[in-house]
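Chains as they are written, first to last, in my numbering: chain P, 1 to 221; chain U, 1 to 171.
It is worth saying that the hints were derived from the structure and are not from the lab.
Take these hints with a grain of salt, some might be off.
As the list claims (entries may be wrong) - Just the calculated beta-carbon pair ranges, DEER-fashion:
| # | chain 1 | residue 1 | chain 2 | residue 2 | range |
| --- | --- | --- | --- | --- | --- |
| 1 | P | Asn-100 | U | Thr-107 | 50 to 58 Å |
| 2 | P | Leu-38 | U | Arg-31 | 40 to 48 Å |
| 3 | P | Ala-30 | U | Ala-26 | 30 to 38 Å |
Bear in mind that the values here come from a model prediction, so they are computed numbers and not experimental data.
Built from N, CA and C at the ideal position, the CB exists for glycine as well.
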Amino acid sequence: MAVVVSESSARRYALDPDVRLMLEVRDDNAAAFEELVLRYQGRLVSVLDHLVGNRDRAEDLAQEVFLRLYRARKSYQPTAKFATWLFTIANHAAANALRNESRRREVTLPSRDSGPMGARPLDRMIQASSGAMPARQLDKAEVREVVRMALDALSERQRLAVLLNKFEGMCYADIAAVMEMSPQAVKSLLSRARCNLREVLEPYFENGDRPAPGNGASDED
Amino acid sequence: MSEQPAQIDTALQEQLVAYLDGELDAEASRRIEELLTTDAKVRATMQELDHTWQLLDELDTGGVDERFTRSTLEMVAVAAADEVEQTRAAAPRRRRLRWLAIAVGATAAGLAGFAATAMFWPDPDKKTNERLVENLPVLENLDQYCQVENVEFLRMLQQERLFAEEADDGK
């Protein structure tokens, strides 16, 4: 389906250097495509890794995203910043992968009670980790692990919003475009996500307190 | 034990987060800043929200290795080659279809033109032609009729059926 782009919006987005690269990809410039891959591969794999919880799958999905991007090049229109467009494709790819994964798990492991991400229940994760740190001497790897647990405990949508905001530096409007929701809904989503992270991480880092069951693990959006 | 995190209402919490994210306009930012100077509970909440946000910097956001880049580009190169191959394979068929479409279109246009001409532009000589066909037997024997110069004589010959066979042939 052809997308109609107003002249002013096309001009605005053409200022984005990555949009300009993508327009060159549309004209079959292979070097421009390679440049985009180099610019985005690490960021894309990182976000997908946090979304699907598995590095290998994240890399497979990132390659799928780049392939989709290449195949869609001829119909590309600069209707948004390049990063917004790329992460919208990534969001769909991850959502499809998680849906398929969820269906498979329903068939093979009907009794498992974790969320659709397959994340371990928060209290079990924290319990496993906190048992080895009586003096709160947290080394860097451990901090990373605990923060990752807290992030994994968020719902998928909260996690994606956090990743796009924190690591891609996206504003609410761009996150809204990627996640196909309103900026006001993104504002609420991020607020709940940050509140959940605070409720899990603050007591944990201050005193090693195990959070009360359910804290920070809300799946409601 | 640490104190319970400061409890503030949801709307204010959303505003605090939006403030930290730089998403508030000047007026809303000013109101939050005022609140931060006067309300210790709000200030504590803000600090905790900010602190936990900073902790996310600890997450591993490591890049990918060269192998990933190479395999991605190879995968796309294979896709591009397939695309070129498919386009090339489809080209003769497409060309044949285009010529067939042109031929069908030209024939249809010719037929339509003929039908339209016949319908809207009747042949002015049609009546003349019909009369010529009607009188074809006379025309065929006109030279002989001219030699006789008498219709009564011809009628008499017909009645006597001297040339019946030829007259039947002429009809």
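Consistency of the hints with the structure:
1. Here the CB-CB span from P:Asn-100 to U:Thr-107 is close to 52 Å, well matched to the stated 50 to 58 Å.
2. Taking 40 to 48 Å as the suggested C-beta distance range, the pair P:Leu-38 and U:Arg-31 conforms, at roughly 44 Å.
3. A beta carbon spacing of about 46 Å between P:Ala-30 and U:Ala-26 contradicts the range 30 to 38 Å that was offered as a hint.
The structure is inconsistent with hint 3 alone, although it conforms to all the rest.
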